[in-house]
Amino acid sequence: MKTFFSYGLVKGLIGQVIGSLVGAGLLTGIRALMGLGWKAEPAYVLGAAFGVIGYMIGIGGFRDWFSWARGEETPDVEDIQEKPGLRRYLGYSLDHKVIGIQYGFLSLFLLSVGGTFALIFRTELAQTGMQIVSLDFFNTLIGMHGMVLIVSILMGIAAISNYAVPLLIGARDMAFPRLNAFAFWLAVPASLVLVSAIFTGGFDTGWTGYPPLSLRAPLGMQMFFVAIFFAGWSSILGALNLIVTILKMRAPGMNLLRMPIFAWAVLATSLIALTATQLIGTSFQMVSFERLFGMGFFDATRGGNPILFQYLFWFYSHPAVYIFVLPGLGVISELLPVFVRKPLFGYKWVAMSSLGIALVGFLVFAHHMFTSGMEEYLRVPFMYSTLLVAVPTGIKFFSWTATIWQGRIRFPAPMLFVLGGIVVFLLGGLTGPPLGTVATDLHLHDTYYVVGHFHDTMFGGYIFPLFAAIYFWFPKITGRRMNETLGKLHFWLMTPSFLVMSLGQMAVGMQGMRRRIADYDPAQGFETAHLIITIAGFLIALSVIVFFVNLIISARRGAEAPGNVWESRSPEWAILPSPAPMHNYEKPFRVVGEPYDYGLKGSTYVEIAPQSTGD
Amino acid sequence: MKHLTVAGVLVLISTILVYLLLSNIGLLPVNASVEAQPIDRLFNLHYWAIAFLFSLIVVFIAYSLIVFRRRNGEDGDGQFFKGNDRLEITWTIIPLGFVIFLSYLGSVTLAETRKAEPQPLEIKVTAGQWFWRFEYPEYGIVSDKMMMPVNKQALLKLTSLDVIHSFWVPEFRVKQDLLPGENLVKELRVTPNLTGEYKVRCAELCGTSHAYMESPVIVVSQADFDAWVQEELNLLGADPSARGEKWARNNGCTSCHSIDGSVSVGPTWKGLYELEQQLADGSMVTVDGAYLHNAIVNPNAQVAAGFPANVMPQNFKDTISEQQITDMIEYIKTLK
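Just so you know, the protein sequences line up as chains Y and V, in that order.
Position one of the first sequence corresponds to residue 1 (the working numbering), numbered consecutively onward.
Position one of the second sequence corresponds to residue 1001 (the working numbering), numbered consecutively onward.
If you are wondering where the hints come from, they were derived from the structure by calculation, not from laboratory data.
It should be emphasised that the depicted structure is a prediction, and the values quoted were computed from it without experimental measurement.
By construction, the Cβ of each residue, glycine as well, lies at the ideal position given by its N, Cα and C atoms.
Errors might be hidden in some of the hints.
To be verified - DSS-like, lysine-lysine: derived pairs with alpha carbons at most 30 Å apart:
#1 Y:Lys348 with Y:Lys39
#2 V:Lys1002 with Y:Lys601
#3 Y:Lys348 with V:Lys1145
#4 Y:Lys348 with V:Lys1115
#5 V:Lys1157 with V:Lys1317
#6 V:Lys1317 with V:Lys1270
#7 V:Lys1115 with V:Lys1082
#8 V:Lys1124 with V:Lys1082
#9 V:Lys1002 with V:Lys1186
#10 V:Lys1152 with V:Lys1115
#11 Y:Lys601 with V:Lys1082
#12 V:Lys1145 with V:Lys1002
#13 V:Lys1199 with V:Lys1152
#14 V:Lys1317 with Y:Lys39
#15 Y:Lys248 with Y:Lys11
#16 Y:Lys248 with V:Lys1082
#17 V:Lys1115 with V:Lys1157
Said to hold, decoys possible - Looking from chain Y toward chain V, a few residues come up when the C-beta cut is under 8 Å (computed):
#18 Thr200
#19 Asp204
#20 Ile608
#21 Ala609
What the hints assert, rightly or not - What follows is a list of derived Cβ distance ranges for each label pair:
#22 Y:Leu308 with V:Tyr1139: 45 to 53 Å
#23 Y:Arg87 with V:Gly1026: 55 to 63 Å
#24 V:Asn1298 with Y:Trp38: 19 to 27 Å
#25 Y:Gln127 with V:Leu1279: 21 to 29 Å
#26 Y:Thr128 with V:Lys1124: 29 to 37 Å
#27 Y:Leu308 with V:Asn1234: 33 to 41 Å
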């Protein structure tokens, strides 16, 4: 029992409960002193916010910083040798690899939760009429599905970035290990608050939370806002850390244009996350304050304007989709050369296209508002800027195609997911322009076409590359390979099912299926299509279960793979043993070639620096 | 070079096949408005672009995967080439030109959908949770279904009573959100050119019954439209309960209060009159004219047990006239 309470996770949870009670009690106490009675909403909001802080205190997130404030010394991160074993993963570890895996577990957990929500409402949609959930619960589920998976994706890209970036660039850890752990653990209580929204009345606004609807939604809306506020904070801190790490901690000789391409993608993503996330926090905070204090930001009867929210919201939430996909596209660019045994075609162009997407991504947000009633002339410039995104994205596709051309191609599981990602993301990209040209968007806006298009971009830009990355780096994490047969089964079950699902969604959307509806008009004749989409959704879930089984079996009994299993030039394979040791590279290495010169006789990317030149 | 030629030919064949597929599987509903014509032409161009670009990438990749795969027992690496700046510039400039051209066509098409005819039929469209109301100021008619004469442009003036809704008739293609706020009335022009019955379907999530926020849109000949106008005007002189039924539908009452006894957001009206009703505070009341009047103008005062407060709009006192309330009570009395 005593050991149970010594786990950081448990201490954090206790802290969160105490914090929540203190927050709610404090507010209720102040109200009581003013002669006012119990009021649920402000008590819950303050309670949730204090709860998150309580969690961070409980798990020890502030401990070293408090020590420094008191003028006490703490051990250097370099000198900390954490005991190996499961325990590290359940507490406040400062090792970037542990934190990466912690992010991964949280991400996969949220993926399962968010996916389960989807299965529930897909079952409801399999036929017309309401069978298994109420209208309000359906509306809550779609919003939760959206936001839980957004947080899952943020955690997932943080997982890959945290684990891989320091290994790829030859750093011993992230630039700010304490901040790194802090950013991760902040997301844990935030996720709990988010899921609690279901139990506090839910919310019927979808993940976008548009006022005035969100001003009238049940209490769950506020839990949602508090959760996103803290999850956003976590994302900002993580991005800051990655930018500094990539810019300052590269191995000697690794100039920016010799950096593994994945690091470029992470750099571009982190620049967006660092500068745009504040806007979603602000927009949700304003709705929250309007509810709590009656500040009339968005209510027309109080002099506010509901469109204002949409500007603020989309200024983050459009670039956010590039946050979600750029790391995935980076994974594709990183893994492709290894499996086609050829250099990445046009390295510089691929690297710059990530920055190009990040930059243009800031200029397109109002295409979510073509039918919203914003100033009408604005629709035209935003149409031009929106379609402009196709140019840097096109560079990636053409470069990948040229990379594959005349390669010597192998098809292990990670490569299958890379190829699946390219094709699915291509579908997502090509179905974008009809949404970008205003006239066609007038028809497609807020339909299932958008749902299908969006799932194509998310699966192609994130889900497929995520699985590719896990299959690829799993031996580095565990020293064992994932089961290849189960991996192939996972791929061949998921890919056709997903294509049926998303193409079906787009087809019914064009025919007139609105998005976010709990029930649909039988006269429109969508019942068969919806049944097929639902079955496809369940098959995707089944394939993910196969993946989970594979993870567990392979972690215990997979074939041992201590060396360079993929014959990669990258330092984490070429130099490091698997599983990767604490503090990574024992001796610093030097970059002596190009990262992807597969096929160039006698060249290597990195070599261990001679002892004499080391410091 | 042989490889490039073969793959190029396959791209062309695939482009045509994908285009034929997209344009023949009936992706769009019936096209029933003048504004929909240019939109569907733009869709057609998109089909070509999608078919070509999809084929270009997928055929080249698929060709490589088959022809350049590592065969059993083979080892070694692929051809060594690292890039080609001229090629990269080409596939930057050409797409750039194409997207600018596409945007230009997009703006031209947008302008076509906004073309204003002289003397359109004005219809004030009001949305609320969860109903549509259509007012014809020229005739002094208010209706819960939208009647439109064919081949005459309608100028819709759109507003909302509560949250954001969105006006969309899929067959007309065009869509516009409705915002709450007197200074935020939006306009949309639609010229139906095919008679028939369609539905306006709210396209912006607006709360509990969003899925069911659909109302008939009926496109008829000018003669039929005039006959309908006359019929509606005659109804105003009819008996109070018939008028009451109309007010109840126009104000969205029946989207929450059923008239057939089924349970909905609010209590059913069937058999409501003279019912012994339990209230949320536990007391009992007999439903009479005074109670019903109070329940309409001050809905939170005496909430029926089992139903939440604050759901019904609080401002019917200002938006529904005293005469209409009296008519509606007469209507409720008839629902035994």
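Hint-by-hint comparison with the structure:
1. Y:Lys348 with Y:Lys39: Roughly 58 Å between the alpha carbons, so the hint for Lys348 (chain Y) and Lys39 (chain Y) is violated.
2. V:Lys1002 with Y:Lys601: Judged against 30 Å, a Cα distance of about 27 Å means the pair holds.
3. Y:Lys348 with V:Lys1145: Outside the cut-off at roughly 59 Å; violated.
4. Y:Lys348 with V:Lys1115: violated, 47 Å
5. V:Lys1157 with V:Lys1317: holds, 24 Å
6. V:Lys1317 with V:Lys1270: holds, 23 Å
7. V:Lys1115 with V:Lys1082: violated, 52 Å
8. V:Lys1124 with V:Lys1082: violated, 63 Å
9. V:Lys1002 with V:Lys1186: violated, 59 Å
10. V:Lys1152 with V:Lys1115: holds, 13 Å
11. Y:Lys601 with V:Lys1082: With Cα atoms ~14 Å apart, Lys601 (chain Y) and Lys1082 (chain V) stay inside 30 Å; holds.
12. V:Lys1145 with V:Lys1002: violated, 64 Å
13. V:Lys1199 with V:Lys1152: It holds: about 18 Å lies between the C-alpha atoms, which stays within 30 Å.
14. V:Lys1317 with Y:Lys39: OK: Lys1317 (chain V) and Lys39 (chain Y) at ~29 Å, within 30 Å.
15. Y:Lys248 with Y:Lys11: violated, 34 Å
16. Y:Lys248 with V:Lys1082: holds, 27 Å
17. V:Lys1115 with V:Lys1157: holds, 16 Å
18. Thr200: It is violated, given that the least Cβ distance between Thr200 (chain Y) and chain V is near 15 Å, above 8 Å.
19. Asp204: Since the shortest Cβ distance to chain V is 5 Å, the answer is holds.
20. Ile608: violated, 24 Å
21. Ala609: violated, 26 Å
22. Y:Leu308 with V:Tyr1139: 45 to 53 Å: violated, 37 Å
23. Y:Arg87 with V:Gly1026: 55 to 63 Å: holds, 60 Å
24. V:Asn1298 with Y:Trp38: 19 to 27 Å: At 26 Å between Cβs, range holds.
25. Y:Gln127 with V:Leu1279: 21 to 29 Å: Cβ of Gln127 (chain Y) to Cβ of Leu1279 (chain V): about 38 Å, so the range 21 to 29 Å is violated.
26. Y:Thr128 with V:Lys1124: 29 to 37 Å: holds, 32 Å
27. Y:Leu308 with V:Asn1234: 33 to 41 Å: Taking Cβ atoms as reference, Leu308 (chain Y) and Asn1234 (chain V) lie about 46 Å apart, which means the hint is violated.
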